[in-house]
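At position 883 of the sequence shown the residue is numbered 883 (the UniProt record's numbering), and the sequence of numbers has no breaks.
Okay, derived cross-link-like pairs now, SDA-like style, lysine to any residue, Cα gap no bigger than 20 Å in a straight line: (1) K529 - G257; (2) K644 - E704; (3) K177 - V618; (4) K778 - L839; (5) K1033 - S909; (6) K234 - F347; (7) K573 - S509.
In case anyone wonders, no lab produced these hints; they're calculated from the structure.
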Amino acid sequence: MTEEKQSFDRRDRLIALEKIAQEKWEQNKSFEVDAPEPGDPLQEKFMVTFPFPYMNGILHLGHAFSLSKAEFAAGYQRMKGRRVLFPFGFHCTGMPIAACAEKLRREIEAFGNPPEFPTDDGDDASEDAIAAPEVAASAPKKKGKLSKKSSKNRYQWQIMEEIGVPPEMIASFADPKTWLAHFPPIAIEHLKRFGIKADFRRSFITTNVNPYFDAFIRWQFNTLKRLGKIMFGKRLSIFSPNENQPCADHDRASGEGVVPQEYTAIKLRLVSKPPPALQSFVDEPSHSGVFLLCATLRPETMYGQTNAWVLPHGDYSCIRGPNSEIWVCSARAAANMSYQELLPTPFGKVETLCVLKGWDLLGAAVKAPNAIHDVIYMLPLLTIKMNKGTGIVTSVPSDSPDDYTALEDLRKDEAFRVKYHVTLEMVSLEAPAIIRTPSLGDRAAKFMCEKMKIANQYDSKKLAEAKLEVYKQGFYEGTMLVGMCAGQPVEIAKPIVKADMISKGQAFSYSEPEREVIARSGNECVVAKTDQWFEEYGEENWRKDVEKHVRERLETYNDIAKEQFIHVVNWLKEWACSRSFGLGTPLPFDPKFVIESLSDSTIYMAYYTIAHILQHGVLNGSQTPATVVRPEQLTDAVFDYIFKSENEDAGIPPECDISVDVLHRMRREFRYFYPVDLRCSGKDLIGNHLTMSLYNHAAMWKSEPALWPRSFYTNGHAMLNDEKMSKSTGNFITMVDACKQYGTDPTRLALADAGDTLDDANVSLVHTGDSAILKLTKELDWIQETFDRINAEPATRREFSLVDKIFNNRINECIHAADKAFARMHFRVALKHGFFDLLNARDLYRASFGEDASKMNSDLLRRYVDVFALLIAPICPHTAEEIWRIAGHSGMIIDAPWPTADEVDLEVSAIAKYLQEVTRAVNVKFGEAMQPKKGPAPTTHPSTLTFYVSIPPMSIATRVGNSIVPQVAREYPAWQKTVLKRIEAIYQEDPSKPVDLGRVSRDIKDVFTRDPELKANLKRATKFAIGVVDEVKSKGRQALATEMPFDERQLLEQNISMMIHGIHLTNPVAVTFDDTGRAAPGNPTIRFTWE
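The task is simple: from the sequences and hints, build the whole structure.
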């Protein structure tokens, strides 16, 4: 209980310091920053942004993890003397808020206000009952009682309660505008609690609720249309049947990034007698044939069909197709076709004639387009997935490992054939050779299955590998052996064969989502062909401009991220930028459509530069007495002047009645702060928002690439305490709750420590957060005690001793290393050098003086405290402010510059490392002597010492240590010199590149195995090389010296007391040169002797 209370006391102490610091920042308006006035000295600027969070709830730790990168960078760049702007807006555009508001409205309509939710199956317990009016009447009742546990958070009302909305307010959230008014101010409050260095004067919400931002977005889209970047027409897109409109990434509950997958639907004509359920439709006079539809990505292989597969227990819809045809496929595929103008029925409607089981189709004879065999048969396959393709799969055993193994299994298993009424004749058709590849031959599937020893169709892992290899080689290296393109490469033949079958009515193009997409309204999405406005991403000249920027100018801090950006720039194509339902800005040239949520989020960073002038910190743009510009004054011509005019005195619209001074100020703000220097985001936005932002900047400021974003930093997702964050499992915490439970600085420290790569990071609040509370408060205690002591002492200056020099040099090392890490956005590394390493250096310094703290150099301690506060300030600013106060500084640390540091003295660094390693070795030997592996342990205090050393056995009584003899060598032995010379040769080829350790290891192995005198040291040489290569990274060529950079013997003699601190010896320590060859430079042998 005492420990728990003490833990809360320490945390609460830090929380109290947070409030003090934040009040000071607020009073001083520390983070409100404007462009310099004309005539003011120019100061380098730094604009950092974070994708504005969506305002349908409370910010959580995942938000905090990504935005902490921007926050740490803002703090660091501020200390480096730059005028830092960190604006923060709030996104409300799109479907989620509108859908949640509508859901809440229907709940109130169905269950009352306050609602009484159902508790048994006698009520309409299904969410489907309130999803949409047309669904309610036919929604099936769910079995069983709906317990409190199972119903938790099922309803929107309950979700609102969970996120802290007062019960008496919940009903008002049936109006979407309530969300826009409620959550953004809470977000600002929580962000301030987090200590964010944001200029909230520039904050705003999106949608046409904010007339200023609405005008900005209208200008953007009018400009894009004028530039020919926005087009209108029928396009395939992911589509939500419930909303009857395209479903963009941010409107999806799952399936973000999924795009339409195009197949070729092959029409297999039924030539045998149709199933009884279908007979009456076949007998209709207008009937023109029954076609079983197969979806394939490889139309060029249809020459090799030997059969087709169906799922015996699968449900297959027989639907009315065009030209009086009957099509057979899965209901899911039929639904997708109905939205793509492939059926004669109205948009989204399917005329289902009957439903068959796969059983009904087994053994049926069909004629397959382009197949060499005149007739093939429908056979059973139990692994077909009805949620992929059409549920009917064409079979090409020559070039599909899956088909080959399945057909071979069916041929061998007579019992299985009998069960499914399959005759031997049906499985006996030979697989013709249709494609030849140089390495796999003309029956690639058989070759790979035999090569990989694939046992049967259930060997899924090997089959996946074989399929990948066969398909890849077939497409890129294969040559067609048959058909209209015989002799041509497969890569060329594929589109020709496809087009030929479509022109003959034997096939058609069909699309579906490449994997499942669920809209936020809960329904599964389809692919639909709809009239829509779309941005023509991927257009050749536009794409080239963006790709050049990514390759040559955009900093991504990570080579993998750079590659992903290049891939997406080339992959991203036409994007539907409008929809008919949801919140947002109406398209200015077609106001029946609303601009979708990703499309109004591409250049809004430019709006930040003028938002404070227009809105004065009022989130929704409501006019106040301070209003100097009315929304209706913001014409396209005005925005052209602000954002596109390169000359202050040219381009002001003659009809504009805005003050010229205000126009000049807005233009000056934009021209000073733009472009965005850094944008921090999760890696998932590379595939849409971030790349779209690049495209839009390239369009809006085509002639000024200097205004395009300079750097994008992306990180992985955040896990919490080694598990995925999830509300359903309870492993979830909001940003503000983390700050309340652990304190803001410990939370920020845990976020910094979680990692900075594209891999998912673990935010360990339980371990790192708790540990940070203890470390920070203990350091505050020590600093306070230290300043109480040194302030009471008379002011004196003394020369630095070696120990002082080592500590001072280590401080310099930490400053330089932290500086480099912060600059590269490596915050975990910065934390290591600026926090942990600096603490360790201080602890070693303290230990050198034992219990006598007065021997420590006061000036050096003051420097340490200042540097420690400054290095942790970007990450733990509240604690740093308190340390700054204790140290006697009058200003705030957030206004202090980055600490200065002399160049690192490599000789002192080498001395420090040497003394530390020798001291550690002495202590290890001492420990081994005091706790021997054999014989009794000593029972007395070590005023005399008993050692076990490599000497002939002696009685325990004679093993009394009375001297310790380090033996030193003047230079490295031959084998180590050889290693150093090999590494130096590689290093000298290009000193700017890291030494390739793999090449070093190969060279050493080659040299040492050929030299009998060196061969015995091969293992030691490899280990030695690893350490040298690592030191070359920091020391360069100096790490390759074959002699010590200091007099080792003299150093040992002068620092014996430090190395044997706590070990009592009766004789003086002796240092002598080693003539045995056992000691190496920097690695003396340590030998205990006795009388």
